Structures are given as C-alpha cells and as structure tokens.
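Peer 1: For reference, the chains in residue letters:
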Amino acid sequence: MKIGVCYYPEHWPESRWQQDAQHMKSMGLSMVRIGEFAWSKLEPESGNYQFDWLERSIDTLQNAGLDVILGTPTATPPAWLIRQHPEMLAVDEHGRVRDFGSRRHYCFSSEPYRKECKRIVEKLAERFGNHPAVVAWQTDNEFGCHSTTISYSNAALTAFQTWCSRHYNGIEALNHAWGNVFWSMEYSSFDQIGLPVGTVTESNPAHRLAYWKFSSEQVKTFNRLQVDILRTHSPNRDIVHNFMGNFVEFDHFDVADDLDVASWDNYPLGFLTRDGTNEADQETWLRTGHPDSSSFHHDLYRACGKGRMWLMEQQPGPVNWAPYNPAPLPGMVRLWGWEAIAHGAELVSYFRYRQAPSAQEQMHSALCLPNGEEDDAAREVKILAKEIQQLINTPHESSSADLAIVFDYTGDQAARIQQPDGQHYDPLVFIQTIYSVVRQLGMQVDFISSAAAASGKQLDQYKLVMLANNTLSDQALAAKLASIDALIVMFPRTGSKTNECAIPEPLPPGAFQSILDIKVTRVESLPANIAMQTNKQNTIINWRERVESSIVANETFDDGWGFHYQNNRVHYFNGCPNRDTLLTLLTQQLANAELDPINLGRGLRLTQRGDLVWAFNYGPGDAELSNHILERFGFQPSNGFLIGQEKLHIGDVAAWKSS
Amino acid sequence: MKIGVCYYPEHWPESRWQQDAQHMKSMGLSMVRIGEFAWSKLEPESGNYQFDWLERSIDTLQNAGLDVILGTPTATPPAWLIRQHPEMLAVDEHGRVRDFGSRRHYCFSSEPYRKECKRIVEKLAERFGNHPAVVAWQTDNEFGCHSTTISYSNAALTAFQTWCSRHYNGIEALNHAWGNVFWSMEYSSFDQIGLPVGTVTESNPAHRLAYWKFSSEQVKTFNRLQVDILRTHSPNRDIVHNFMGNFVEFDHFDVADDLDVASWDNYPLGFLTRDGTNEADQETWLRTGHPDSSSFHHDLYRACGKGRMWLMEQQPGPVNWAPYNPAPLPGMVRLWGWEAIAHGAELVSYFRYRQAPSAQEQMHSALCLPNGEEDDAAREVKILAKEIQQLINTPHESSSADLAIVFDYTGDQAARIQQPDGQHYDPLVFIQTIYSVVRQLGMQVDFISSAAAASGKQLDQYKLVMLANNTLSDQALAAKLASIDALIVMFPRTGSKTNECAIPEPLPPGAFQSILDIKVTRVESLPANIAMQTNKQNTIINWRERVESSIVANETFDDGWGFHYQNNRVHYFNGCPNRDTLLTLLTQQLANAELDPINLGRGLRLTQRGDLVWAFNYGPGDAELSNHILERFGFQPSNGFLIGQEKLHIGDVAAWKSS
Amino acid sequence: MKIGVCYYPEHWPESRWQQDAQHMKSMGLSMVRIGEFAWSKLEPESGNYQFDWLERSIDTLQNAGLDVILGTPTATPPAWLIRQHPEMLAVDEHGRVRDFGSRRHYCFSSEPYRKECKRIVEKLAERFGNHPAVVAWQTDNEFGCHSTTISYSNAALTAFQTWCSRHYNGIEALNHAWGNVFWSMEYSSFDQIGLPVGTVTESNPAHRLAYWKFSSEQVKTFNRLQVDILRTHSPNRDIVHNFMGNFVEFDHFDVADDLDVASWDNYPLGFLTRDGTNEADQETWLRTGHPDSSSFHHDLYRACGKGRMWLMEQQPGPVNWAPYNPAPLPGMVRLWGWEAIAHGAELVSYFRYRQAPSAQEQMHSALCLPNGEEDDAAREVKILAKEIQQLINTPHESSSADLAIVFDYTGDQAARIQQPDGQHYDPLVFIQTIYSVVRQLGMQVDFISSAAAASGKQLDQYKLVMLANNTLSDQALAAKLASIDALIVMFPRTGSKTNECAIPEPLPPGAFQSILDIKVTRVESLPANIAMQTNKQNTIINWRERVESSIVANETFDDGWGFHYQNNRVHYFNGCPNRDTLLTLLTQQLANAELDPINLGRGLRLTQRGDLVWAFNYGPGDAELSNHILERFGFQPSNGFLIGQEKLHIGDVAAWKSS
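Those sequence lines, one after another, are chains A, B and C. Here the working numbering is used: position 192 in the first sequence is 192, and no number is missing along the way. Here the working numbering is used: position 482 in the second sequence is 482, and no number is missing along the way. Here the working numbering is used: position 437 in the third sequence is 437, and no number is missing along the way.
Same shape as in the complex, but just chain A (with noise of 0.2 Å):
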C-alpha cells in the first residue's frame, strides 16, 4: 500500500526539482509518474532526442527516497509529427478531423504514427528501462478519453475493411452475418464496407458491433505495441495503463490482458453527473462524489488486473473540466485515498503534485497551489500516508467477496447499439444501480469477465452470481452456470443477441434458456414518466419483457404480464427495476443465498479486505456503526479501533481487523 503522486517536472524550473522530491517523501509518498504528456521536450524536432533532463530529473526524484513510473507519451505527439503525417489524426462522427491543439490527436489505426509510436518507446525504454528507480511504466495515457476509441478515418476505414476480410471467410459470410440482404445492403466485395457513420438513417447493428469490436482490438494492439517493447527492454517492470471512470467504449479485460496492473483514474466531484445520479442525488453527493462510484471502478478494475490494481490519479480537489466543479468535503481526499486501499489497490497516485498556472488545467488543482505552498490536499494526504504506516499491514487479499457481477464489455455495447431500449435505459448505470443496491446491503463483491467466468474455476467460489450486461446468448457461461451452485440472478436482455447483434434463435434470454425454461416473445421499452407496477408493489421502468413458460411467474403486472421467473436456484427479472424495488428483490435474493444482507443506508459503505474492515461515511449525515454491524463485520470490542470510531462524521473513516 504506496502513497503517490504525478508530477511534471518539465513545467518547472530544474533549479526547483529537488524541493519538490524532497517535500514529496516528507509527505509520505513512495511513487512519481513522470512524463507521459513530455514528447514535445523529449524530441524537439523529428530525431533530435532531448533525454538527459529526465534522467536528472529520474535521479533526483531517486535521490530523495522515490520511485518512478515512467509514461510514454504518446497520448500527446508534438506539433512536427503531426505537420510531418497529418493523415494520423482521427476523425469525428461528422467527418471532421479532430485537430492538433489539445491531446490524444491521433487515430489507432494509423500506421505511419504506430511507426513513430514504437521508435520514441524504443528509444525511452533503450534509454531508461533499466534505471533502477524505474519501478513500472505507463503505456500512454487514458486511451479513449474525449470519445477517441472510435475514429471515422481513410486509415480506420482500410483497417477494418482488412479486419473484415479476416473475420469472415468471403465476403457472402459476411453478408449473411450481418443480415445485409434487408435493405440490399449487400457488398460484394470487402473494399465495397464503408464505416457505420453517415447513413441516411441508423446503420445496421451487426455493422455498428463489428466496428465496435473493431476498434477495441485496435486499442489492444496499439497498447500491445507498447507493452512488447518495454518487456524487452525494461524487464521486471509492471506494465500498467491508466483506465479511466464511467468508460465502457473498448473491452477492458481484453486490453488489461496484456498488462501487469490495471490501473484507474478517480475523480469523484468531476464523475458526479456521469454517474447515472439525478438531480436530487447530485445536490446529495455534491461534495462527496456518490458512495458507489469509487468502489465500483475498484472492483471493475481490481477484476482487469487480475487481482493487481492501483489508482493511478486521484482527484485532490476541485477540477476544471465537469459541468461544476466544487470543493470535495474536508476528510474526502483521505477518505478516497483508504477506500482504494480497502477494495485493494496496492497504489494511491494523486493527481497533481502541483497546480499548474497556465494551459487547459490551470483551474485544476493539486497537492499544492500553484504559487508551490501546500493546498488541503496535501495536509490530507500526509494524514493518510502517517496512518498506513503506522496502522494498517497490507492483508495478502485483495477481495474477500462471495458474490460475483459477471461483467462484458461487449453485451454493454450490444444493449446501446438497439435504439428500443428507450432513451433513459443506460446498461452501465443499471449495472451500477445494481452494485450501489447490494453494497447498501453490505456485500463485498467481485466482477468476472464473461469469457473468465465461462472458462475457469472462478465461478466456483460464490454464492450468488448476477448477470445484467450479457446481452449475448454465451453458450459457454450457460454451461458454466448450470454447473455450478451459487443462486443465479439474470436481468432483462440477458442472452437477447448474438455475437452479430441479432436475435438468437433460440429466442432470449437464447442459451440461457439451458437454465431456465422461458422464452421472450416481446419487448416494449417505456417513457421515463411511465412506471408498471406488480401485484406485490415492485416497480417496472424503461424496458419490459413478456415471457412464455410453462413456470408460472412470481409475480404479475395488471395486464396479465408475468414478472420473476424462477427454477429453483436460477431467476431471471423480465423488467428493469427502478432502485427501491432492486433493493427489495435483491435483499430477497442474498437472503436466498444466505449472504445476511444488512442495509447500511444511503452513505455508509463497509468493505472487507482479508481480515481488515473498514467503515466510510459519505453521508448525507452523520452515521452510527451500530452493534448490529460491527458483530456482521467481525468487530472485537476488545481489540477495539484501529481507526476511527462507532460515531462517522460525513468523510470519516474508521477501522479495524475483523476476527
């Protein structure tokens, strides 16, 4: 458990770089990242490297007891690259090229910038990886941020034309994958595919899937790059990437593969109005972020990495770039900085050391201000690195769940692709809802990718496993899950499409139909302001399905619609639950699975790591750890605290080991 920082010594003057490192270990901090935005001061112009003031600075973050993360910087090419290739910039959905002057102005599918991509990480591995206080890299920076996974150019357009040609065996292979024959939208030939973008009205979605897989296998291969080159030439690293929140626009699991560490970026404040909250909620968690974002990324991403996770930049106040960005509550930055550690990050990174004064994140701020004193931040952290020193020893465990939220990037992207769905129905937010319910009802838990899920033996270990974004009929996790026996929730859409974004045959939820004897015969998705009501007073919104079974459903709509199917240990839900009800249903369902669900409330969130517990407030008010919820989380009042107490203030902590 590190305390680190980001730093960007190419902002400051070098005079300055060893009062910084100096301050920086004096607060507690073992880790820098450094220079994952610095092309432009690497290589001033093409073949002109510039490598010496990182070594000094490298060093002079070593001399001061640091290590460093090391970033490539090709999230960020200099001016001259781009005048030299132009054609590498990506382009929009309304087929303009997205520009130099900001970052991430490039194109995966560009080969002339995967070329100059592999020289500068060849050149900086050469250089560095084996200096010995570079202790990890990190490939690029936030692939995909400012929707750049997708990019409408000449060279994506050649490169997924040959992606397709090795998809699909002949070009009338791929014709009958997609149902090209509706609307005569027959190629007859690969060089005939255009891109999903521009038509008259919505493209095909076996077109749109295809694309999007397309494009995330280009994100992989481009980060894949990276990753070859620095496990040559910098052995015994960790590779990580910095993931980012609220982001589903490429299959992470499939790019973290090829990683060490997946690591994440958290900003609380900025994800508020991202998070699927309303109004009400966001004046709610205004200066907290919402209790369930955090620990869902930390969970998501703790399943990418396998196990290893850090957090790679954590917001330390507030930041420029939200729709509002006020001040986080004192305690926060601390409490944030615990919380990470608690669902097992091995790193918290605070993002930035210091506020710079110009440029696109001057109203950003830091650890410190931009005049170099320290900002509350700091005063927080400091607190924060002196209590896991002297307190907390790292639990050898980075997760101590028994429930399991199978997750797939790809059925993510298959629910968005149908417009039916109506326009308030988020796959992501529903997926969240469902993590927030079963956290208030104080459940550790797990995410499995769908392919890690159907193949291994992870499943084994949980009692309850829930499925709300496999929208693909899986045949292999099917037969996983009829092996296995945990109690098992499906929610609508399950198994509603195939690998080619059409209906399966047999109809939804398709193989999962193995598991449980119903067929979806119609879907009807529903206007925000319409609600369906159960006889048992369970609450229906956006997106209903009518089932033919010969089990009769556990409840009924007005209309003669079931609701809730069961087979012994197998449910499925056939509506979407607006938030009470999922708390209703799914407090039945760890009952089901003897979970002892106990509801916390709206802000109090407890989190198990081995045999460490910790307790965090995020309010709205003050909070009681009664004796009902210590004796749940294994509290002995005789060894009593480690940190904190029964008694939470809105952004306090408190601790202890469980028996």
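Listed next, the in silico DSSO-like pairs over lysine-lysine satisfying Cα-Cα at most 30 Å (straight line):
#	chain 1	residue 1	chain 2	residue 2
1	B	Lys457	B	Lys519
2	C	Lys463	C	Lys519
3	A	Lys463	A	Lys536
4	C	Lys25	C	Lys382
5	A	Lys382	C	Lys519
6	A	Lys647	A	Lys2
7	A	Lys2	A	Lys25
8	A	Lys306	A	Lys386
9	A	Lys647	A	Lys382
10	A	Lys647	A	Lys657
11	A	Lys463	A	Lys306
12	A	Lys457	A	Lys519
13	B	Lys382	A	Lys519
14	A	Lys25	C	Lys519
15	B	Lys519	C	Lys382
16	A	Lys519	B	Lys25
17	C	Lys25	B	Lys519
18	C	Lys25	C	Lys386
These aren't lab readings, by the way, just hints derived from the structure by calculation. None of these values were measured; they are calculated from a predicted model.
Chains B and C: place on chain A using the hints.
Peer 2: What follows is chains B and C alone, placed relative to chain A:
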C-alpha cells in the same frame, strides 16, 4: 375491403415460402406486398439480373391464392451502384454526403440515378408486368423518409438553377420576385444562384419556398418516371406509393396525381411523440395511439387518392424506431384495421409477416415472431379478416362528410419558413388539432386540396368549409368561397403570403379580403407560457393578429385588440385558440352550420361510411354508446349491432347499419 | 437631440421617394440613414458604378429638409464579388464556409475583400463626401452580428500566424507565454500554429484569448481602413458605426477609438431572452423589455463614444428575429426614445421607415406598414418629436454620474474561456445585474474602460468605483485605484488571470492584492440548484472563492469559508451574490459612499442628465413618484413637470428640471 401483409421472401429460405403463403391465406389475407427493397438480390452486379427467384416467390403466393403488390426497389440502390455513381448520393444541410449503409441514399436530382431507376423498373415491368398475380405496383418506398426530400448536392444545385431559369423570365424577374434587392442579394445570372443553406443568417424566405417547390417537383417527376414505365408495360394494374404519417415535406396531392391510389404507412404508437402531443397526452395514449392520428391521415390520403386509399403498412406491435416503443393494448391491431376500412381504405396491409432477426428492424414486431410462430397481431388479424368476410359489405361510398378542410402543402411550408411563429406553433399540429376537435364533436371530415377546392364543384357539397393552412393569398380559392353556400371558417395566417413568400397587397388575408372586409395590420408571436384571454374567456396562444375592419369584433382582448370577425357566413379567427377554446368555438360554428355537434369525449370516435357506422374506443376508460349517440348515428335497435355492443372497453369496436 | 429613421430608397419606386421624404419631415424627423446594404444597386457588376440613383435619393431627402447618414455597403458584398473571390467567405467553427445568401458573408482577414471595400468606399466618399446633406457616415453595419467576428478561414489562419510572429519575440516566447509545454503543445515555428478550434478536447485558454484579441484587432483595422478613406474625402462629417446589444465579441472601446460617435441598435423586446433574464422576468417584461437593458447599453456606448452616443436603430414594433416577437405596449416606442435621450443620445433613429414586404425582414415592423400607411410607431414618434421640440432644451452634459463601473472586454472574454465557471455564470449578465441593481437604487452610472480608468484622471470624479469583469491582473489599474478617494467594490474573479489567460503570481486577485491583502487559494463553481448562505443570510450562487487573509471576513459560510473582505474603502466580495443579496450589499456600499440609495422598485427608473430628470415606468404596474423620490431628484413643486405627472402608467414618462 382486403387484408394484406408485407413480405420479404428474400429474407427466408425458399423452402419456407410455401408454408408462409399458406399460413397467410389461412389467416384470411389476400394481398402481399413484396420486392421493394430487393435490388441487391435482383441485380447482384451491374446488368446481372436475377429475377427467377422473384418469379418463383410470386408463383408460390399465387398458388396459395394471394395477389401481389410488387414494389420497385429504387429506395435501396445496392453498394456496387453507389460505387459507380458516388455523386448520386444526397447531401445534408451541413454539407455532408448521406452515405450508403441504410436506405434512401440517393438524391432525387441525380440524372445518372434516374437512368438506373428507369433501367431496373423497365426490366421488372417487362418481366412481371403481365403476371396475373401482380395486381398492383408500389413505386419506391416512403418518399422523403429520413428527411430525404431536400438534398443540397451539386446535382440538386444545377437542377435548381435550371428550374429557376424555366420559372422566371430572366434573372431580373427572379430578383424582383424574391425581393433580392434586400441585403444586395441580387444575382446577375442564373448560375450565381446558390442553395438556401449554410448562409450566415437565415436565407431569403422566397429562396427557401422556391427550393421547397423545386424539391417537391423533383419527387413528382422521379415518381412519374416510374409510373410511365409501369403504365406502358403493366396495363390495368393499380399504381400506388406508400406515403407516411405527419409528413408534409413535399406536395402529396401533386405526387399522387400520377397514381391510381394513395396508400400510406400507419404506426399509431410510433407516431405518438410526433403527433403534436404533450407529455400528458403521450401517457394517456401510450398503448393506443392518439385517437385522431390514424383517421386524420386516412381522410387526408383519401383526398390525395381522389377517393381511393390503401393502408400499405399497419403497425402490428411494438416497433423499433420511436423514442420508446411500448406494446399496444390487446385489440388495437384489430381496431386500427377496422378504422382504416371505416375511413375508406380498400386494403389494410400489415407490416410485416415475420419479424426479421437481423439488421435495423430486428426489434420491429410482426404478425409472426422471428422463429416463425404467430405473435399477437396474427391472432387479431385473423379475427378482423373473419369479421370482414362474415359481417360487412363494402359500402360504395368512401366518405359521408358534410365538413371539408382545405389542405395546402405549400401553405403549410410557407407558414413554417417564417420564424416569428414562435417556437411552439406548427401548422400541421394546428390543423390536426382542428381535425381532432371536430372528430370529438362527431363530424365526418373530407380534406380537399386548395387547387381542387378552387377549381371544381367539390366544395359545393359541404355545409362547413375550414381554412387553416391556406397561408397563400389565393384569388381563385377566394372567388370559389364567395360562390358557395357553406359556412366558412378561417384561421390566423390565412392569405398572409404571396406565392413568393412575401406579404401580399392588399394586406393579409390578401385575396380573402374579398370575402371578409378585414385587414391584418400587426401580428405577434408569443412564448409558450403566455396565453391571451378574451372577454368571453377564450384563450389564444402562440400567435395573435391585430385586425382593422369596419366590422365590430365578436370578442375583445384586455388590450383592446378584437377577436373573431364575422360577416354573415364568413368567420375569421385572428389568433390561435388552445384546444379548449377550439372546442367552444367550433361547437358554435358546427351548430351554426346545422351539423348537429355531439361531444363524444376524449377517445370515443364515430365514423360513418355509406350506410355503415363504426364506433371506436381509444379510451382512456370504458365508453358507453348512449341512446343520444346511437340515435344521432342512425342506430336501429331492431337491427342491433353488426359488431360489438353499447359498452366498449378500450380497444373495442362496434358497428351497425345506419337507417 | 434629433429624431431619425432608417430608409431604403432602393426598395421602393423612385416615384414614391418625395412623398416619403415629406412624410418623414412632417413627422418631425431630421436625419435619415441610407445606403448601407445597397452594393448590388451601386455596382451591379464589377466596376459598373451606378451612383446616380443614390444622389437623386439624397437630393430628395435634402429637398425635404432632411440630413443624411450614408452607410458604406460592405456588410453585403454582391454575388458577383463572391464569385470573383470565393475565398473571402468566413468559415465557421465546424469548418464550413459561411455562404452568400444573407449578409455579413465575409472574413475580416480576407485581403482581397479589404481591397474591394477600399475601392467601393473610396468611390462613394469621392462622390458623396462633400454633399451638403451627407452629415455623417456609418461604416459597414453591426460588426460581428451573427457571430461573424471570429472566422476560421485560411485567410484568418495566415493572418493569425503573422499576428503571433509580431506579438511574440520568437516561437519560444510564444510557447512560454501560452504554457505550451503542457500536453506537448509546443510549436517549432509560427507556421505550425493552428486555430483554437476542432481540437480533440478544449484548446489552450491562452491560444483562445490570443485568437480573440487577434480577431478583435481585425475588426478594428477593417473599420479603420474605411475611416481613413472617409476622413480624407469627406471632412467634417461624423463617422460612426452601429454596434449591437448584449454583444462583447470584440473590444468596442478599441474599435470606437477611431470613430467620432458610438451608435448602437436597440431592440428591447428582441433582446429580452438574451438579457440574462429568466422565464418569470421574460413574462413580466414581455411588452416593455427589461427596464435596465436599454440604459445599460446607452451608458456603455456613451463611454465607447467618449461622451458621444447615437441610437442608430430603435425597435418600432414586433420584430422578426427573436424566439418570439410580441407587440410592445402602447407608449413604449416613445419611452425608449426619451430614455435614449436622457442617457445622452444625440440622435434617436428608428428602424425602419416602412416595412419591407419581402425577404428576411418582412415580418419586422416599421413606422409604416408595407402598404405605406402609418403604423403605431409613426404615431408615437410624432408625439416624441413634438415634445422634444416644445419642451426640452438639450443639456450640455451627457451624464451626471457619481458611480463608475470599470468595463473590460478582454476581461469578459478571459472569464468566458475558462470552463469551471459552471454553466450558469455569464460575466456580461453578472455586470448587467449589478448595473440593474444600482439603477433600481436610483444611481446614475458611467462606464469606463479599464485602459481609460488606469491612465487618466477620469476615475477621480467618482464616489464609488466597481470592478466586475476586470478578470485580468492589471498593475496600472490597481495603482490608479490606490491613488483615488472613491470607495472601491470588487467582485469575484477580479485579477484572476494574466494577459495570457494564466493564473497570476501573486495569486488572484493578482495585482489587486496591492490594494487589499487577500489571496484566493481555492475556487469552486456550483450547479444551478445550489446556493450557499452566509451567517448574515446573504446568498451566493454559481461561484465561490476561498480567501486567505490577515483580514477577518465580514461574514462567514457554514463551512467556515469567509465572505466579504474589506480594508477601509476597499471591498472584495468573494462569491457571486444573487440579485436579492446584491441589492442588500450594494445598498450598504452606496450608503457607505454617501450616494443616498433609494429603492425605486422593479420597473421605475430615474435618469438625470444635466439639470433634467426623467422618470420611466416599465411596470409591471402603475408607479407613483413619491415626495421622497421627487425631492431626491430635485423636483420643484413650483416648476411642475415638463412632461407627465406623479402617477405613471406602464410606458409613461415624466420629466422635470432639477433644482
């Protein structure tokens, strides 16, 4: 009165065709529309015609006792054709090519594409023009769908310049007609004329109206091209086109003039959010559609078809393309069918036979599920077919209306072009509201084009004639109105523009001053939250006019402006009434015209055709046919009901012979 | 104090001109603006000058006793000129050419177009420069209207690169000034500089501010080009330009520096939705306009014109271009005219003489209807003209203010560029609200540019000086403020940016720390539904700052942040007060400055100019001039009223000589 269905043999294995045909026949269907999107199967590469499969599928249908409507496939030119003629694609208002990958990817002005259409239509007509099963042709599919009437391509620019040079006697005449002296917009030659798009601020209203007329004519000549070929090679077949709902982007009277029948595609739930409804309406009619949406279009398209109207596509269940897509209430599929027949439809054809599991419409339900099993719609259609066969003889009349609404597509467009309407006034919604109100008051309605109204004797038969989108100052129509006996009701903006979208001389209502001595000297548009009240508690929204007249107004506003000017049988309402006020005002006018208004409430509707009367209950609750209603509509207790009874649940239909 | 009108002889038959001129004269008008859109009539083809008609129309006006303001026609280059120089068109932020077909279709940076402008202006000036009726020139028309200040054309790119190379001492200096090391945005040469548009995420604030300054200078030099020609060929004429309302897209002080008079175009109803009003305000002031919108601009443009201000276009009735366009209340056309005069206007010119029946502004009312008959405005203007002539002598003074607001266009822009302002904070709206509040409190206001404030003695005359959009850290202004005796009130963000849009050193308020020892260490922006309350029940919205200071805050928030820092006569409010709180705070400050605030209520306004005082009642109800008000504004019962009386209905004006 026939029932039909849309069918895509090219989507299914040939081995299935016979079973499908027999199933259709067994359900009581007699007409099948096919072929309209099959170009890539009919001509997989340029000049390689593959018509045999189509012949076999027609034969299969024929053998099952079904007639065929054959569609020309010109709405979906295949990929190879686009590669040959990339310049045939349309261009949108942002200057972007509207690309291949869905449908309707062509510009009406492309001469190369017109040649390709002639070629394929000629080939099809030669081959199938005399096939005994082919009883009708459909040209293309849904002209203008996805905003495709207007294109800003180079082909369109050139064609428009030519059009201008034909319509104006020299460039000076055009400059004068458009008022181009304003802002120095004068042209020196026709080839300087641009398109009314991409200008710094709004372009000249005259320029826009001219471009709309041009674009409307391009649709007409594009359709006419196909009609001429079909008439040559396929004599004695009905030629139809399937128009759309809530769609006024070209002059449908003008295009339909070349057809034998006007058919249209009716999606009552899909249209709900486009029907000018507010959120409360959308909740009320969520699963029925708006009670006056279908009938409005039936009556309007019956006028387009000069009495002959088909329903080419009827919604069978949830669709995929609206903002949300609920399931219809049980019974609505049958009700919609009956309602079309009551309003004069010769054919009700459901869309489609079987749900396609792939491509854009995979979530669009059908008579049968993707797996071929019957869905709800199949069950309702069977009942409808049986009822028609057993109970009802087709009346000779297609309508029995005493009330006419003059409808003018150019007038609608002229009212749209001028911005000061405010953001909430939509001329189509306004006329639909008038229609809805008189339907609620028990009226049967005919629409008449302003050209037909002005020129022939049609108008002579009505007791009440209403003008609501006759924005153009129309001398001939005014003269005709002066000559008839009917009560005349005019609404704001009548006669407020010349043919060139300028303010007429004399002032508005322009030519209509000749039938009512009023002069509009000021207009004002109002924000949505402002309503103006008259001294008779009538409420005006959106738009108000100040009239100078020797006539004393029937009512006044607080600020002294008058409201409602009348000279004997001629009335002018110089403001937009809200729905409640319209109900009050039109109840009075209907009574004045001795049309015996009877308020049927929100969702009960009565339709008379010849000696048959139907009652339809759209809800929102049960409805009762009171003795008063039954008497008013000629019910004979001794004869009883042909269908249904006095009490109607939502979705129920009743019918009886009128005495 | 003259009344004028805008007139377009080229729109009407020459045979009508004399009648029109006599009618204008008979109404009491003395000035007529003509010619500013007539290029296509003045030069129908390249080099073919047709000036005779213009001379005849000027002569006709002169013969009727009218003076002429002649406009240069450069806002509407004709079609043939665009065909010659298609590259002269501007390009919008989406990369699309802004095409011919309306007006203002040119890029300020186009050198070929500048040449054409020089040519036509020279020709006009040579011909009419010494015509005795031509007493003034208007350059172009409404610079920047329709967002035309900024263009992204190639011409602009090249000009900007040149501008940069002149403003920065080498590319390294530019990189340093802009902080381009951030995200590797460094350029190697000036020709690598791009435009701050179309970037993947937001472009560099420094880049944007530089581009704004450049674009503002392009307007200045474009105007200057014409001014220089006119001064040469038409000596002793006033040269003016007609600026707009609510428009800050270039530095108006800078452009007006080259003019004799700043004129502007006032559309109080058209502006209502742009005035920063909410829906309730828009309902209240629907038919009067906002009570402080006109006067704000009068006072601001009087500052631009260094005391000389004209109203070039005054709304006469409903216009055509706002989201909705209601009719003004009777009396408002007269009131708006009087109000302009009270705030220092030498001329009030109504737009336009006669409503054009065609083209874009056909729904824009005028003094006369399209048919030439008088409309309401004509009747009110005649009263106004008579009252002026009979009752009022022009005071020598153009203002009598004790209170100054420093206004800085660059500061406004710098505040806009940074996103964290939240979505609801608009620096212009904020300063307008301050203005509105002090006007409600009976104050007379002068605006002063920050340059003028810093450099001369102007500031010395005021008792209170306010800074609300002085976002830039301005050493000279701070020094000046230190030297005066006035009470100084500063609002949030004062001094928060350098000239290069970076955070200053020392921290904000930067240079203003020298007059008040405070340091802003944190800022936060808030969503619209969040308001922060102080312990004195003052309410802060949108934006709040945390201050570190040796000074104890006058108030505090619940969370301990302070509010309102003061050192003797210098005050800083570190949050955006809502309107009610502004009223409280400024009442106190005005009292502190011994300015005798008097709350006039929502819509009664008092204006003093020299020894004349006017009262204007905007409503929402009747108003009464109490004895307290009359005394405060020097009313002498013995002298009585020059116009009106104590009781004012909405739209009424009163005036008296102050003792």
